[in-house]
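Engineer: The chain contents come next:
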Amino acid sequence: MQEKENILKILEGTKASIQKGDATTINNLSNQTTNTIALTHDSDNIAIAVVIYSISKLLERPDYQKLPGWNEFYNTIFKGIDNIITSIKSNDEAKIKEDIGCLRKSLIKVNGNLKKYIEDVFRKASINKASKLYEHGISMEKTARLLGITMFELASYSGQKEQVSETPIAKEIDVKSRIKLAMEMFR
Amino acid sequence: MNQAIVFDAGTLISFSMAGLLPELEGLKKIFKGKFIISQKVKEEAIDTPLKIKRFQLEALKIKALLDEGILELPSALGLDDKIIRTKANEILDIANTTFYGDEETYI
Chain A
826 MQEKENILKI LEGTKASIQK GDATTINNLS NQTTNTIALT HDSDNIAIAV
876 VIYSISKLLE RPDYQKLPGW NEFYNTIFKG IDNIITSIKS NDEAKIKEDI
926 GCLRKSLIKV NGNLKKYIED VFRKASINKA SKLYEHGISM EKTARLLGIT
976 MFELASYSGQ KEQVSETPIA KEIDVKSRIK LAMEMFR
Chain B
18 MNQAIVFDAG TLISFSMAGL LPELEGLKKI FKGKFIISQK VKEEAIDTPL
68 KIKRFQLEAL KIKALLDEGI LELPSALGLD DKIIRTKANE ILDIANTTFY
118 GDEETYI
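Going down the list, the sequences are from chains A and B. Sequential numbering of the first sequence, starting at 826, is according to this note's numbering. Sequential numbering of the second sequence, starting at 18, is according to this note's numbering.
Treat the hints as calculated values from the structure; they're not laboratory data. Cβ coordinates follow ideal geometry from the N, Cα and C atoms, glycine included. Possibly wrong hints are sitting among the right ones.
[As the list claims (entries may be wrong)] Restricting the straight-line Cα-Cα distance to at most 25 Å, the calculated cross-link-like pairs of lysine-lysine (DSS-like) are:
1. Lys941/A x Lys46/B
2. Lys940/A x Lys70/B
3. Lys80/B x Lys967/A
4. Lys1005/A x Lys51/B
5. Lys1005/A x Lys49/B
6. Lys57/B x Lys1005/A
7. Lys45/B x Lys68/B
8. Lys949/A x Lys70/B
9. Lys104/B x Lys967/A
10. Lys904/A x Lys940/A
11. Lys70/B x Lys1001/A
12. Lys922/A x Lys967/A
13. Lys46/B x Lys1001/A
14. Lys941/A x Lys68/B
15. Lys1001/A x Lys45/B
16. Lys99/B x Lys967/A
17. Lys78/B x Lys967/A
18. Lys949/A x Lys46/B
19. Lys70/B x Lys967/A
20. Lys59/B x Lys967/A
21. Lys967/A x Lys57/B
[Unchecked claim] With the C-beta cut set under 7 Å, the calculated list includes, among others, these residues of chain A facing chain B:
22. Met965
23. Met976
24. Ala980
25. Tyr982
26. Gly984
27. Phe1011
Can you make the complete structure from the sequences, with help from the hints?
Structural biologist: Structural data, given as structure tokens:
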């Protein structure tokens, strides 16, 4: 896993914010992994980003917290995050990977309607994180592959968001010059 | 010599979602060559989305371009798909090793 210290800080922050029920801070924490992912394409960082973002989205919905299975889910998150923190502190690479995998799997083991909602949130979280990564200039194909989504899902989500075309990197060449450059290829 | 433009799946998907695929027909008329997609791009832009209800329409629009001969597979140039893939990987390798950042560089 790349940037363990950063991930450790993020996970500890997430744990504290879960206790306070502060979904906004958790959401912000999940964004802090995007730079590392863009540079290293590290799968553990990707998994952590998706899990943390999903947790923030689930905590934002008080109606989910009334569904049967919520307490079990809440305890699973806590235990899972704790396990990963312990593994990072002991610098055990294999255990870190195993714990991240366990947390992801156990989150969707919840029964009833909550399971359906959590799976949906996870899928959308992957698309959201892919979009953030795509904003950083990683190709659509590579991003979709890293996050396990289709290029159509990514294009559809990114197309709705203004941010991708509004990032400074996308503004280096103005639209007229881009079209002129493209047209030269066809003549 | 035959000219060709090789299309990436991302380009076709973006064009399809923005309703701009008919522009490719116009561009084909002024371009003296072929528009090529690899087998892998066909899978990403046509075959896979055809199995997902939400994206079937966009995939069908791209498929129509392939059926009409606007887009063609490498065999239209008498090339094996493998050659296109090898060349694409060569170019990717060059692109991905052209610039290096400092350790402290952040995007």
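Engineer: Decide, hint by hint, whether the structure agrees.
Structural biologist: Here is what the structure says about each hint:
1. Simply put, Lys941/A and Lys46/B have alpha-carbon atoms about 49 Å apart, too far for the 25 Å limit, and the pair is violated.
2. Restraint check for Lys940/A and Lys70/B: the C-alpha separation of about 23 Å stays at or below 25 Å, so the hint holds.
3. At most 25 Å may separate the alpha-carbon atoms for a hinted pair to count; Lys80/B and Lys967/A meet this at roughly 23 Å.
4. Between Lys1005/A and Lys51/B the alpha-carbon distance is near 20 Å, which keeps this suggested pair within the 25 Å criterion.
5. At roughly 18 Å between alpha-carbon atoms, Lys1005/A and Lys49/B fall within 25 Å of each other, so this suggested pair holds.
6. At most 25 Å may separate the alpha-carbon atoms for a hinted pair to count; Lys57/B and Lys1005/A exceed this at roughly 29 Å.
7. At most 25 Å may separate the alpha-carbon atoms for a hinted pair to count; Lys45/B and Lys68/B exceed this at roughly 28 Å.
8. With a C-alpha separation of about 17 Å, the suggested pair Lys949/A and Lys70/B falls inside the 25 Å cut-off, and the hint holds.
9. Restraint check: the Cα-Cα separation between Lys104/B and Lys967/A comes to about 18 Å, which is no more than 25 Å; the hinted pair holds.
10. For a cut-off of 25 Å, the pair hint linking Lys904/A to Lys940/A stands: about 18 Å separates their Cα positions.
11. For the given pair, Lys70/B sits about 36 Å from Lys1001/A by alpha-carbon distance, which is inconsistent with the 25 Å threshold.
12. Under the criterion of a C-alpha separation no larger than 25 Å, the hint pairing Lys922/A with Lys967/A is consistent with the structure, at around 22 Å.
13. At most 25 Å may separate the alpha-carbon atoms for a hinted pair to count; Lys46/B and Lys1001/A meet this at roughly 22 Å.
14. Under the criterion of a C-alpha separation no larger than 25 Å, the hint pairing Lys941/A with Lys68/B is consistent with the structure, at around 21 Å.
15. Taking the CA atoms of Lys1001/A and Lys45/B, the gap is about 21 Å. The hint holds against a cut of 25 Å.
16. At roughly 20 Å between alpha-carbon atoms, Lys99/B and Lys967/A fall within 25 Å of each other, so this suggested pair holds.
17. A distance of roughly 24 Å separates the Cα atoms of Lys78/B and Lys967/A; the hinted pair therefore holds under the 25 Å criterion.
18. About 40 Å separates the Cα atoms of Lys949/A and Lys46/B, which puts this hinted pair outside 25 Å; it is violated.
19. A C-alpha spacing of about 23 Å is found between Lys70/B and Lys967/A, which places the hinted pair at or below 25 Å, so the restraint holds.
20. Between Lys59/B and Lys967/A the alpha-carbon distance is near 16 Å, which keeps this suggested pair within the 25 Å criterion.
21. Note on Lys967/A and Lys57/B: the hinted pairing holds, with a Cα-Cα distance of about 13 Å set against a maximum of 25 Å.
22. With a cut of 7 Å, the hint placing Met965/A at the interface with chain B holds, because the nearest CB-to-CB distance is about 4 Å.
23. Hint status for Met976/A relative to chain B: holds, with the closest Cβ pair at about 5 Å, below 7 Å.
24. Against a cut-off of 7 Å between C-beta atoms, the interface hint on Ala980/A holds, since the closest Cβ of chain B lies about 5 Å away.
25. Taking 7 Å as the C-beta contact cut-off toward chain B, the hint placing Tyr982/A at the interface is violated, the least distance being around 11 Å.
26. The interface hint given for Gly984/A holds, since its Cβ lies 6 Å from the closest Cβ of chain B, which is under the 7 Å cut-off.
27. Taken as an interface hint, Phe1011/A checks out: its beta carbon lies about 4 Å from the nearest beta carbon of chain B, inside 7 Å.
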